[in-house]
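S.K.: Spelled out, the chains give:
Number of protein chains: 2
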Amino acid sequence: MSTERTEIEKLGEFGLIDHLTQNFETQNSSTVLAIGDDAAVIDHFGKQSVITTDLLVEGVHFDLMYTPLKHLGYKSVIVNLSDIYAMNAQPTQIVIGLAFSNRFSLEALEEFYLGVQIACERYNVDLIGGDTSTSQKGLIISVTAIGEVAPDKFIKRSTAESGDLICVSGDLGGAFLGLTLMEREKNIFIENPQIQPNLENEDYIVGRLLKPDARKDIIEYLDEHKIVPTAMMDISDGLSSDVLHLCKQSELGCRIYEDKIPINEASRAAAFKFGLDPTVCALNGGEDYELLFTMKQADYDKITLQEEISVIGYMCDKEEGAKLITKGKNLFDITAQGWNAFAK
Amino acid sequence: MSTERTEIEKLGEFGLIDHLTQNFETQNSSTVLAIGDDAAVIDHFGKQSVITTDLLVEGVHFDLMYTPLKHLGYKSVIVNLSDIYAMNAQPTQIVIGLAFSNRFSLEALEEFYLGVQIACERYNVDLIGGDTSTSQKGLIISVTAIGEVAPDKFIKRSTAESGDLICVSGDLGGAFLGLTLMEREKNIFIENPQIQPNLENEDYIVGRLLKPDARKDIIEYLDEHKIVPTAMMDISDGLSSDVLHLCKQSELGCRIYEDKIPINEASRAAAFKFGLDPTVCALNGGEDYELLFTMKQADYDKITLQEEISVIGYMCDKEEGAKLITKGKNLFDITAQGWNAFAK
Numbered sequence: 001m002s003t004e005r006t007e008i009e010k011l012g013e014f015g016l017i018d019h020l021t022q023n024f025e026t027q028n029s030s031t032v033l034a035i036g037d038d039a040a041v042i043d044h045f046g047k048q049s050v051i052t053t054d055l056l057v058e059g060v061h062f063d064l065m066y067t068p069l070k071h072l073g074y075k076s077v078i079v080n081l082s083d084i085y086a087m088n089a090q091p092t093q094i095v096i097g098l099a100f101s102n103r104f105s106l107e108a109l110e111e112f113y114l115g116v117q118i119a120c121e122r123y124n125v126d127l128i129g130g131d132t133s134t135s136q137k138g139l140i141i142s143v144t145a146i147g148e149v150a151p152d153k154f155i156k157r158s159t160a161e162s163g164d165l166i167c168v169s170g171d172l173g174g175a176f177l178g179l180t181l182m183e184r185e186k187n188i189f190i191e192n193p194q195i196q197p198n199l200e201n202e203d204y205i206v207g208r209l210l211k212p213d214a215r216k217d218i219i220e221y222l223d224e225h226k227i228v229p230t231a232m233m234d235i236s237d238g239l240s241s242d243v244l245h246l247c248k249q250s251e252l253g254c255r256i257y258e259d260k261i262p263i264n265e266a267s268r269a270a271a272f273k274f275g276l277d278p279t280v281c282a283l284n285g286g287e288d289y290e291l292l293f294t295m296k297q298a299d300y301d302k303i304t305l306q307e308e309i310s311v312i313g314y315m316c317d318k319e320e321g322a323k324l325i326t327k328g329k330n331l332f333d334i335t336a337q338g339w340n341a342f343a344k
Numbered sequence: 001m002s003t004e005r006t007e008i009e010k011l012g013e014f015g016l017i018d019h020l021t022q023n024f025e026t027q028n029s030s031t032v033l034a035i036g037d038d039a040a041v042i043d044h045f046g047k048q049s050v051i052t053t054d055l056l057v058e059g060v061h062f063d064l065m066y067t068p069l070k071h072l073g074y075k076s077v078i079v080n081l082s083d084i085y086a087m088n089a090q091p092t093q094i095v096i097g098l099a100f101s102n103r104f105s106l107e108a109l110e111e112f113y114l115g116v117q118i119a120c121e122r123y124n125v126d127l128i129g130g131d132t133s134t135s136q137k138g139l140i141i142s143v144t145a146i147g148e149v150a151p152d153k154f155i156k157r158s159t160a161e162s163g164d165l166i167c168v169s170g171d172l173g174g175a176f177l178g179l180t181l182m183e184r185e186k187n188i189f190i191e192n193p194q195i196q197p198n199l200e201n202e203d204y205i206v207g208r209l210l211k212p213d214a215r216k217d218i219i220e221y222l223d224e225h226k227i228v229p230t231a232m233m234d235i236s237d238g239l240s241s242d243v244l245h246l247c248k249q250s251e252l253g254c255r256i257y258e259d260k261i262p263i264n265e266a267s268r269a270a271a272f273k274f275g276l277d278p279t280v281c282a283l284n285g286g287e288d289y290e291l292l293f294t295m296k297q298a299d300y301d302k303i304t305l306q307e308e309i310s311v312i313g314y315m316c317d318k319e320e321g322a323k324l325i326t327k328g329k330n331l332f333d334i335t336a337q338g339w340n341a342f343a344k
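Residue numbers (my numbering), protein chains in the order written: chain A, 1 to 344; chain B, 1 to 344.
In short, the hints are calculated from the structure, not lab data.
Be careful, since some hints might not be right.
The list cannot tell twin chains apart, which means a pair is met if one copy fits it or any two copies do.
Restricting the straight-line Cα-Cα distance to at most 30 Å, the calculated cross-link-like pairs of lysine-lysine (DSBU-like) are [stated by the list, open to error]:
hint, residue 1, residue 2
1, Lys-211, Lys-137
2, Lys-153, Lys-302
3, Lys-10, Lys-248
4, Lys-260, Lys-273
5, Lys-248, Lys-302
6, Lys-10, Lys-137
7, Lys-323, Lys-260
8, Lys-318, Lys-10
9, Lys-137, Lys-70
10, Lys-137, Lys-186
11, Lys-323, Lys-10
12, Lys-248, Lys-296
13, Lys-318, Lys-260
14, Lys-153, Lys-47
As the structure is a computational prediction, the values presented were derived from the model and not from experiment.
In isolation and in its complexed conformation, chain A is listed as follows (with noise of 0.2 Å):
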């Protein structure tokens, strides 16, 4: 971040998001107006628009001792896209909501808007309004997304059938690794401020953490290979969590074989380090942003050589239970232990 400082004040709401956005290009040909005036316009005929949105909190959410602004800003777009691929969609516009105290400086401002455009320049999707103002306390962040799709191709959570094989992409636990590891770093700095925060060759657990993508990537592959999900969603609870979800949402249980969840091999290694069992990262954890997805049967060929899916369990009927099946084969319930932010 820069050190210079130039107090918010001096340019005004209006000037401000003028400012802020000025580096921003419409992308999108269904972005007919974008900022500055009452309302934006969209375009979307012969398409149906999903729209999702998200409130991110300072201090609920995210700690900006450990979050850089420009991480942040991306992050907070990348989690609203996620929902949006997560319909089997494709997100075309974004508006932001920002509410900041006095200590942010319109240079920590500028980093968050650089984050947002980073986002929105890698995913294609335009920026096309905001509000801004103060806040009481901390930094207060809402977006909400919109994407198109054809019609009746969006993917729902409820229309999964038993026997449907039960699909993730990537890898899962490495954001909550991440979130762990600067938790413990963030607590030593706390005690003893000459110690500086040792990240070596965790790179990948913080990179799950402070940059994740959406899986545009997995989306585009299932479009091109034929394969339409009976039932989608993003992983951003954990596994357990969402696949409950999903469970509920469909009227089935399921069952989830634990060694073909999808750990890296580095989010491995530092659960072991921390003395936690990577299974239980990988159904507990959130922030994965990866897809879960069920499919029938029969186009499980068409996954084979795909390395970024994985099949791990199928659905089954609702009487059945929703159960994990462990590498000892014994049998026990998935019980939603995902991050709830009303239990802290």
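With the hints as your guide, set chain B onto chain A.
M.R.: Same frame as chain A, now just chain B:
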């Protein structure tokens, strides 16, 4: 508000959203998929979508000491619908993000959502998604509204022309006077809790603050009478500030006649009681959510019988500046002294 208190942890995030939105019914055929998935889906075939977002922060935008939660929920929706109408569009859907500290009970949130529901029903809008979480301090509300408009029939701020008449709907300054009254009564109460607030005969200004309307009726009137405004916006920051936006974005100047600015008798009486100039309240007080628009002089005859529309001046060349013509025929520069979130 009910005197019961149910702690929110009991429900969890997803149970909470289900509970709070259980009585909301879908009213728009364009709403394909509402609450309960990663995102909502909207069909706007043959129309353009209009999007706006607002972030409302306790202690900055509202004071719960004199804002009942039901009114706050209602008003949070209205301020966004007002932006959609100001584009000459019809609002169709909203999504809401809510973050709250543990001082809020389930009953308090129910009150808030009851207000949201009243606004949705009154304006035929569907609540289709949302996000709830905890906050470290206070209540934070994010509302994004979506509307639809026939292709290219939206009206911007930048398209007024020299000679166009400047019109406003309803009357101005009332919300600011309501706020002034509430702040005065709050301070009296803080100094002396035995004294009950004296809101006698102040229904009008209190109503303007706590239950504003979005001017759907004006948009309908203009449409019925084939009046196409040349530029339009809503008045949220005060007439001075907002007419300067029209001037800046249309690259024009303006003349506003003080004696043409519509001020309700009750607002005028309240202003005199508080020792304030009613014109200054109308110019600089915000939150009236009336429409400010420009139209061709040829359309003048079409509005003479419509008491809810006042012609207050005209647009002129940029070089002539933006000026107020007082009752005494003096000319003053109009300056933006509207509510500025950053000047506080």
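S.K.: If a hint holds in the structure, say so; if it does not, say that too.
M.R.: Going through the hints against the structure:
no., hint, in the structure
1, Lys-211 / Lys-137, "both (25 Å within a copy, 27 Å between copies)"
2, Lys-153 / Lys-302, "within (20 Å within a copy, 47 Å between copies)"
3, Lys-10 / Lys-248, "between (52 Å within a copy, 19 Å between copies)"
4, Lys-260 / Lys-273, "within (22 Å within a copy, 75 Å between copies)"
5, Lys-248 / Lys-302, "within (27 Å within a copy, 57 Å between copies)"
6, Lys-10 / Lys-137, "both (20 Å within a copy, 27 Å between copies)"
7, Lys-323 / Lys-260, "within (14 Å within a copy, 72 Å between copies)"
8, Lys-318 / Lys-10, "between (60 Å within a copy, 24 Å between copies)"
9, Lys-137 / Lys-70, "both (20 Å within a copy, 24 Å between copies)"
10, Lys-137 / Lys-186, "both (21 Å within a copy, 23 Å between copies)"
11, Lys-323 / Lys-10, "between (58 Å within a copy, 24 Å between copies)"
12, Lys-248 / Lys-296, "within (19 Å within a copy, 58 Å between copies)"
13, Lys-318 / Lys-260, "within (22 Å within a copy, 69 Å between copies)"
14, Lys-153 / Lys-47, "both (10 Å within a copy, 20 Å between copies)"
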